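The listed protein sequences derive, respectively, from chains A and B. Under our numbering, the first residue of the first sequence is numbered 1, with each subsequent residue one higher. Under our numbering, the first residue of the second sequence is numbered 1, with each subsequent residue one higher.
Derived by calculation from the structure, the hints in this document are not laboratory data. For clarity, every value in this text was computed on a predicted model and none was experimentally measured. It cannot be assumed that every hint is accurate.
[Stated by the list, open to error] In silico EDC-like links for lysine to aspartate or glutamate, alpha-carbon gap of 16 Å or less:
1) B/Lys191 / A/Glu98
2) B/Lys179 / A/Glu105
3) B/Lys179 / A/Glu75
4) B/Lys185 / B/Glu173
5) B/Lys185 / A/Glu105
6) A/Lys35 / A/Glu8
7) B/Lys191 / A/Glu105
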Amino acid sequence: MLTEKFVEIKNISMNYHTLDGETEALDHLSFDVNKGEIMAIVGPSGCGKSTILSIISGLLKPTSGEVLIHRKVVEGTNKSVGYMFQSDHLFRWRSILENVLIGLEIQKKLNEENIHRVHKLLDTYGLKEFKNHYPNQLSGGMRQRVALIRTLAIEPELLLLDEPFSALDYQSRLAVSDDIAEIIRKEKKTAIMVTHDIAEAISMSNRVIVLSNRPATIKNIHDIQLTCEGEANPIKCREAPEFRHYFNRIWKELDVYVQ
Amino acid sequence: MFNKKTTATVDYSKGHVAYLKAVKKHKLMVKLCQVGFLILFILLWEIAATNKWIDAFFTSKPSSIVRLIVNLSRDGSIFKHTAISVFEALMGFAIGTVLGTFLAILLWWSDFFAKVFDPYLVVLNALPKIALGPIIIIWAGAGMSGIIVTALTISLVVTILSTYSGFKEVDEEKIKMLKTFGASKLQILQKVIFPASIPTMINTMKINIGMTWVGVIVGEFLVSKAGLGYLIVYGGQVFRLDIVMAGVIILAIATALMYQLIVFLENRFLKWRQ
Ligand SMILES: Nc1ncnc2c1ncn2[C@@H]1O[C@H](COP(=O)(O)OP(=O)(O)O)[C@@H](O)[C@H]1O
Ligand SMILES: [Mg+2]
Numbered sequence: 001m002l003t004e005k006f007v008e009i010k011n012i013s014m015n016y017h018t019l020d021g022e023t024e025a026l027d028h029l030s031f032d033v034n035k036g037e038i039m040a041i042v043g044p045s046g047c048g049k050s051t052i053l054s055i056i057s058g059l060l061k062p063t064s065g066e067v068l069i070h071r072k073v074v075e076g077t078n079k080s081v082g083y084m085f086q087s088d089h090l091f092r093w094r095s096i097l098e099n100v101l102i103g104l105e106i107q108k109k110l111n112e113e114n115i116h117r118v119h120k121l122l123d124t125y126g127l128k129e130f131k132n133h134y135p136n137q138l139s140g141g142m143r144q145r146v147a148l149i150r151t152l153a154i155e156p157e158l159l160l161l162d163e164p165f166s167a168l169d170y171q172s173r174l175a176v177s178d179d180i181a182e183i184i185r186k187e188k189k190t191a192i193m194v195t196h197d198i199a200e201a202i203s204m205s206n207r208v209i210v211l212s213n214r215p216a217t218i219k220n221i222h223d224i225q226l227t228c229e230g231e232a233n234p235i236k237c238r239e240a241p242e243f244r245h246y247f248n249r250i251w252k253e254l255d256v257y258v259q
Numbered sequence: 001m002f003n004k005k006t007t008a009t010v011d012y013s014k015g016h017v018a019y020l021k022a023v024k025k026h027k028l029m030v031k032l033c034q035v036g037f038l039i040l041f042i043l044l045w046e047i048a049a050t051n052k053w054i055d056a057f058f059t060s061k062p063s064s065i066v067r068l069i070v071n072l073s074r075d076g077s078i079f080k081h082t083a084i085s086v087f088e089a090l091m092g093f094a095i096g097t098v099l100g101t102f103l104a105i106l107l108w109w110s111d112f113f114a115k116v117f118d119p120y121l122v123v124l125n126a127l128p129k130i131a132l133g134p135i136i137i138i139w140a141g142a143g144m145s146g147i148i149v150t151a152l153t154i155s156l157v158v159t160i161l162s163t164y165s166g167f168k169e170v171d172e173e174k175i176k177m178l179k180t181f182g183a184s185k186l187q188i189l190q191k192v193i194f195p196a197s198i199p200t201m202i203n204t205m206k207i208n209i210g211m212t213w214v215g216v217i218v219g220e221f222l223v224s225k226a227g228l229g230y231l232i233v234y235g236g237q238v239f240r241l242d243i244v245m246a247g248v249i250i251l252a253i254a255t256a257l258m259y260q261l262i263v264f265l266e267n268r269f270l271k272w273r274q
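Start from the sequences and build out the full structure, keeping to the hints where you can.
What follows is the structure, given as structure tokens:
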């Protein structure tokens with residue numbers, strides 16, 4: 001794999017100001033994400049994980065430091081970044097197809113070519129028969145897949161996923177995380193995924209960043225090398241011999257900070 | 001829709017068919033009793049008034065009300081009064097809804113604006129708007145325009161407040177989701193705030209129909225030239241209870257029809273609510 005730096009996070013800090021006081025969320029964080037890799041971020045809840053994604057997406061301006069995507073400083077939201085949330089946020093008054101097209105609609109790129117591409121995405125990822133259904137007719141796992149396709153429709157180069165499976169039950173969670181990792185790899189996207197599930201982080205990503213308690217600092221970055229034969233899908237990768245080893249190390253790093 | 005009916009008779013079990021039948025029968029009983037109650041009430045009223053158990057001078061009676069309505073429709077005056085009131089109500093309702101929604105959008109657009117006007121809206125909301133009737137009639141003219149303005153004033157503040165609070169209830173994360181696509185404020189309004197608030201707006205409209213009619217009737221009481229409110233006040237002044245009752249009955253029918261219109265629109269356009 002080419003190790004071209006795609007996202008550079010340079011020394012970012014973030015302080016929130018409210019009438020109750022000041023919250024230090026991030027403390028001088030720096031890391032890079034290479035093109036084509038899936039980077040997972042794990043950390044105790046409330047440590048500032050979502051804040052990192054908001055800053056990378058340009059929704060939030062860091063108190064200090066900067067983020068570069070393709071060597072360009074992020075200022076405001078960026079059309080090459082797609083954001084996926086914990087909840088699918090599908091609009092119940094729009095059909096699945098209309099939901100998926102909303103990004104293109106907002107960016108005024110609803111042309112025949114793009115619509116055709118979105119149709120193909122829906123066909124490829126098992127939603128062919130559901131295009132004209134409404135969100136309440138779909139299962140949680142399917143809805144999450146629709147949400148991913150909605151994000152992919154605008155052809156982002158970087159995907160930000162904020163605990164994208166935590167609203168699902170365990171079984172759909174395994175299946176959907178498998179699907180989504182496959183979709184991200186197939187569409188050759190770079191992704192940064194926040195999760196609190198260590199197993200999910202190890203099985204889906206190339207690297208895992210472990211964060212400390214708030215204010216978040218980087219505790220460790222793990223290069224994940226799993227020997228999973230044949231199809232390297234996340235569920236199979238959980239059976240790799242190294243899996244347990246990574247799991248224990250990350251778990252310990254998180255645990256130390258819980259005390 | 002289509003499928004439901006055919007499968008209902010085709011492959012449901014005996015127990016389920018019996019259940020469906022029982023539900024249907026229950027519904028029919030409710031309908032029958034509703035109609036039966038009305039008929040019984042009218043009959044009792046008629047008999048009581050004819051046999052002088054009650055004084056028909058104060059209560060009138062169904063047959064004379066019907067006779068009056070027939071007479072008034074022969075010379076067309078009942079249609080004139082009804083049409084005038086319905087027109088005023090529709091205008092008051094439409095202007096109140098559009099203006100109220102527009103002002104709610106302004107409040108949503110600027111948080112500063114919303115905070116500045118909040119206490120004024122609260123006071124105006126608590127004030128019985130009917131008290132403003134005489135002022136409005138003087139300012140907007142003692143005619144149809146004065147009545148329409150009275151009607152819309154009564155519903156306006158409620159429309160603004162409930163529509164605005166509906167706008168504020170929309171999930172912040174949904175807005176954030178649109179922002180990640182680079183949505184402008186206008187697009188956020190158009191794509192999520194407005195469609196998500198349609199159920200709230202329809203509920204507000206249902207409440208406002210009643211309010212608008214209060215405004216129309218009060219306006220007509222004050223202006224006293226034409227309309228159902230005028231008919232009712234006139235009937236009261238000359239002690240013709242049949243005129244008062246006829247006015248009230250037609251009013252009830254008109255408001256019920258307007259309410260049904262909203263329900264129809266709701267069913268028509270909110271199919272995703274299932
Ligand atoms: N808009 C905000 N205003 C004030 N404080 C905030 C805001 N957003 C988040 N925080 C605080 O910043 C910290 C980190 O939040 P977040 O990034 O959402 O954590 P995580 O996603 O890791 O659970 C939390 O303590 C939270 O209370
Ligand atoms: Mg979070």
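Tested hints:
For the proposed pair B/Lys191 and A/Glu98, the alpha carbon gap of about 11 Å is at most 16 Å, so the pair holds. This hinted pair checks out: B/Lys179 and A/Glu105 have alpha carbons roughly 13 Å apart, not beyond 16 Å. The straight-line distance between the Cα atoms of B/Lys179 and A/Glu75 is roughly 13 Å, inside the 16 Å bound, and the hint therefore holds. About 15 Å separates the Cα atoms of B/Lys185 and B/Glu173, which keeps this hinted pair within 16 Å; it holds.
Restraint check for B/Lys185 and A/Glu105: satisfied, since their Cα atoms lie roughly 14 Å apart, inside the 16 Å limit. Among the hinted pairs, A/Lys35 with A/Glu8 is consistent with the structure: their alpha-carbon atoms are about 11 Å apart, no more than 16 Å. Restraint check for B/Lys191 and A/Glu105: satisfied, since their Cα atoms lie roughly 10 Å apart, inside the 16 Å limit.
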